[in-house]
Amino acid sequence: MKRFGFLAWALWFGYAFLYVPIALLVIYSFNESRLVTVWGGFSTKWYGELLNNEALLSAAGLSLQVAAVSATLAVVLGTCAGMALTRFGRFRGRTLFGGMITAPLVMPEVITGLSLLLLFVALEQLIGWPDGRGVTTITIAHTTFTASYVAVVVQSRLAGMDGSLEEAAMDLGARPAKVFFVITLPIIAPALVAGWLLAFTLSLDDVVVASFVSGPGSTTLPMVIFSSVKFGISPQINALATLMVLVVALGILVASVVMARQDRQRKRDEQMALQTG
Amino acid sequence: MRAVVSVLAAVLGRIGLWGRGVVVAIPFLWLMLFFLVPFLIVFGISFSESIIAQPPYAPLVEWLTDEDAGTNKLQILLNLTNYLRLTGDDLYILAYLNSVKIALVTTLMCLAIGYPMAYAIAKAPPARRGPLMMLVILPFWTSFLIRIYAWIGILKGNGVISNFLEWTGLTSGPVEILYSDWAVYIGMTYCYLPFMVLPLYSTLEKMDPTLLEAAADLGCRPFKAFLKVTLPLSLPGIVAGSLLVFIPAVGEFVTPELLGGPDTLMIGRVLWNEFFANRDWPVASAVAIALLLVLVVPIMIFQHVQGREAEGR
Chain S
1 MKRFGFLAWA LWFGYAFLYV PIALLVIYSF NESRLVTVWG GFSTKWYGEL LNNEALLSAA
61 GLSLQVAAVS ATLAVVLGTC AGMALTRFGR FRGRTLFGGM ITAPLVMPEV ITGLSLLLLF
121 VALEQLIGWP DGRGVTTITI AHTTFTASYV AVVVQSRLAG MDGSLEEAAM DLGARPAKVF
181 FVITLPIIAP ALVAGWLLAF TLSLDDVVVA SFVSGPGSTT LPMVIFSSVK FGISPQINAL
241 ATLMVLVVAL GILVASVVMA RQDRQRKRDE QMALQTG
Chain G
1 MRAVVSVLAA VLGRIGLWGR GVVVAIPFLW LMLFFLVPFL IVFGISFSES IIAQPPYAPL
61 VEWLTDEDAG TNKLQILLNL TNYLRLTGDD LYILAYLNSV KIALVTTLMC LAIGYPMAYA
121 IAKAPPARRG PLMMLVILPF WTSFLIRIYA WIGILKGNGV ISNFLEWTGL TSGPVEILYS
181 DWAVYIGMTY CYLPFMVLPL YSTLEKMDPT LLEAAADLGC RPFKAFLKVT LPLSLPGIVA
241 GSLLVFIPAV GEFVTPELLG GPDTLMIGRV LWNEFFANRD WPVASAVAIA LLLVLVVPIM
301 IFQHVQGREA EGR
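These protein sequence lines are chains S and G, in that order. Everything in the first sequence is counted per the working numbering, starting at 1 for the first residue and increasing by one. Everything in the second sequence is counted per the working numbering, starting at 1 for the first residue and increasing by one.
Mixed in with the good hints, there may be bad ones.
To be verified - Short derived list, chain S residues pointing at chain G, Cβ under 10 Å: (1) F6; (2) L18; (3) L56; (4) L57; (5) G61; (6) M100; (7) S115.
Hint data in this document are derived by calculation from the structure and do not stem from the laboratory. Note that the structure is a prediction, hence the values are computed from the model and not measured. Glycine included, every Cβ here is placed at the ideal spot set by N, Cα and C.
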C-alpha cells in the first residue's frame with residue numbers, strides 16, 4: 001500500500017510540474033498590471049492590444065501558411081518513406097535511407113539550420129535558385145525535419161496494420177497503386193492526420209531553423225515571440241499563449257471525440273458483419 | 001537524353017516495379033539534397049577561411065589559370081585554423097563540457113521524474129492509461145517557446161516562486177533563480193519530460209506482470225523485485241528515453257538563451273553567436289562538426305535501438 005502511495009504522489013507531482021506553469025501563464029494573461037508578477041485586477045486589455053499588433057499578426061499569418069504547406073509536403077514524403085521502410089523489404093541503400101529518416105529526429109536544431117542555410121547559399125551561387133531567402137526556404141527546411149516525424153508515425157501505423165488485407169486485394173488482381181489508394185490509405189488515414197498535425201505544430205513552433213534560413217521581410221511568429229521574450233516578460237505574449245493553448249485544447253478535444261465516434265462506428269460495423277456473415 | 005532515360009529505367013527496373021522505385025526515390029532524393037548534402041557542405045566550409053565578402057568564406061576549390069605558362073591548376077585549400085581555434089581556446093572546450101554536463105543533469109532529472117510517472121501509468125487500470133498518457137503528451141502540442149516563457153515568470157526575482165518564499169517567510173528578499181544553470185535545468189527538464197515518459201511507458205506496459213508474481217511467490221520483496229526484474233527489463237526504454245533527451249539537449253539553444261545567465265555556456269549558443277554576431281561561417285561550421293562528433297556515438301546507439309525496435313514489431 002505504501003508503494004502505491006509513492007507512485008500516486010509521483011504521478012501528481014509530474015502532472016503538477018507539467019501543468020502549473022501553463023495555468024499560471026493563462027491566469028496572468030488576464031492581469032491588469034503590466035508587471036506580470038503583481039496582480040492588478042482582472043482585465044482583457046492585453047487581448048485587445050494583441051489584436052492591434054500588426055507585426056505580430058502578419059508574422060502569425062506567414063507562420064500558418066508555412067506550417068500548412070510544409071506539413072502537407074511532409075505528409076507526402078513521410079508516407080512514401082514509411083511505405084518504403086515497412087513494405088519494401090530490403091532494398092539497396094535501405095540502411096542509409098533509414099538513417100536519414102531517424103537522424104533528423106534527434107539532430108540539434110542549430111546544425112539543421114546552419115547546414116540548410118549553407119546549402120541554400122551554395123545553390124544560389126551555383127544555379128541561382130533559391131533567389132534570396134524567405135518563405136520558400138523556410139518551407140523547405142520545415143518540410144525536411146518534420147517529414148521524419150511523419151515517417152515514424154506512419155511507419156508504426158503500417159507495422160501495426162494487418163498485412164493480409166493488402167495481400168487479399170493483390171490476390172484479387174488489384175495493382176499495387178490501387179491497393180495503396182483503396183486499402184492502405186483509408187486504414188492509415190488517422191496516422192496521416194496525426195502526422196500532419198504533428199508537422200504543423202512543429203513548424204509553427206520552430207524558431208532556430210527559421211532564424212537561419214529566413215531572409216529580410218520573412219519573420220515567423222516564433223521569431224517575433226523569441227525576440228520580444230528575450231527582453232523580458234510582456235502580458236501580450238501571455239495573451240497569445242492563452243489563445244494558443246485554447247486552440248490546442250479545442251483541437252485535441254475535437255480529435256478525440258471524432259476518433260472515439262469512429263471507433264464506435266467501426267465496432268458496430270464489425271458486429272454487423274459478424275452477424276450477417 | 002534517351003540513353004539517360006533507358007539507364008534510369010534499367011536502374012528503376014532493378015530496384016523493382018516502377019511505382020516502387022518512385023515511392024522510394026521521392027523521399028530518398030529529398031533527404032539526400034536537403035539533409036545529407038548540407039552536411040557535406042558544412043564539413044567543407046569548416047575548412048574554409050573567413051573573408052569579408054558575400055558569402056563570407058573563401059572558396060575551397062579554385063581553377064588557377066597561368067596565362068604565361070599556359071597551364072591550368074586546380075587548387076584545393078584546406079584550412080585547419082578553425083579546428084585549431086576550437087582546441088586552442090578554452091571558451092570552446094568549456095562550452096562543450098558544460099553542454100554535456102547540462103544535458104546529463106537534464107537527462108537524470110527527466111529520468112527521476114519520468115520513471116515513476118511511466119511506472120504509475122503502466123500500473124493503472126487499462127482504461128485509464130490512454131487518458132493519463134494523453135495528459136503527458138498534451139503540453140508537447142503547445143509551443144515550446146511558450147512553455148519556456150512560462151518559466152521566466154515563475155523563476156525571476158519577484159516571480160511566483162520568489163513571492164511564495166517571501167510570503168512564507170523563508171526568505172526576506174526576492175530570490176532570483178532565473179539566469180542561472182538551475183533555471184536551464186528546470187526549463188529543459190520541463191520541455192523534454194514527455195520524450196522520456198513515452199518510451200519508458202511503452203516498455204513498462206509490455207512487461208509481463210506474472211514475472212513479478214513469480215518473484216513474489218519465490219519470496220522476493222516488492223522493492224527487490226523491482227530492482228531485479230522491472231528495472232533490467234525496462235532498460236531499453238531507459239536507454240531510448242535518455243538518448244531522446246540527451247542528444248537534442250546537448251545542442252540546445254533556446255532554453256539557455258532565455259533562461260540561462262550570460263555565463264551559461266552551451267555549444268548551441270556558441271555556434272549561434274559565431275554565426276549571427278561574428279558572421280564567422282567557417283568557425284560556426286567547425287563548431288557544428290565538432291558538436292556532431294560529440295553526438296555521433298549517442299546517435300549511433302539511438303539508431304541501433306530504434307532499428308531493433310522497428311524490426312521487433
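Going through the hints against the structure:
1. F6: Where the cut-off is 10 Å and the nearest Cβ of chain G is about 7 Å from F6 (chain S), the hint holds.
2. L18: holds, 5 Å
3. L56: violated, 13 Å
4. L57: violated, 17 Å
5. G61: violated, 17 Å
6. M100: Holds: closest Cβ of chain G sits about 4 Å from M100 (chain S), inside 10 Å.
7. S115: Given a least distance of 3 Å, the restraint on S115 (chain S) holds.
In terms of the numbered hints stated before, the structure departs from hints 3, 4 and 5, listed from lowest to highest.
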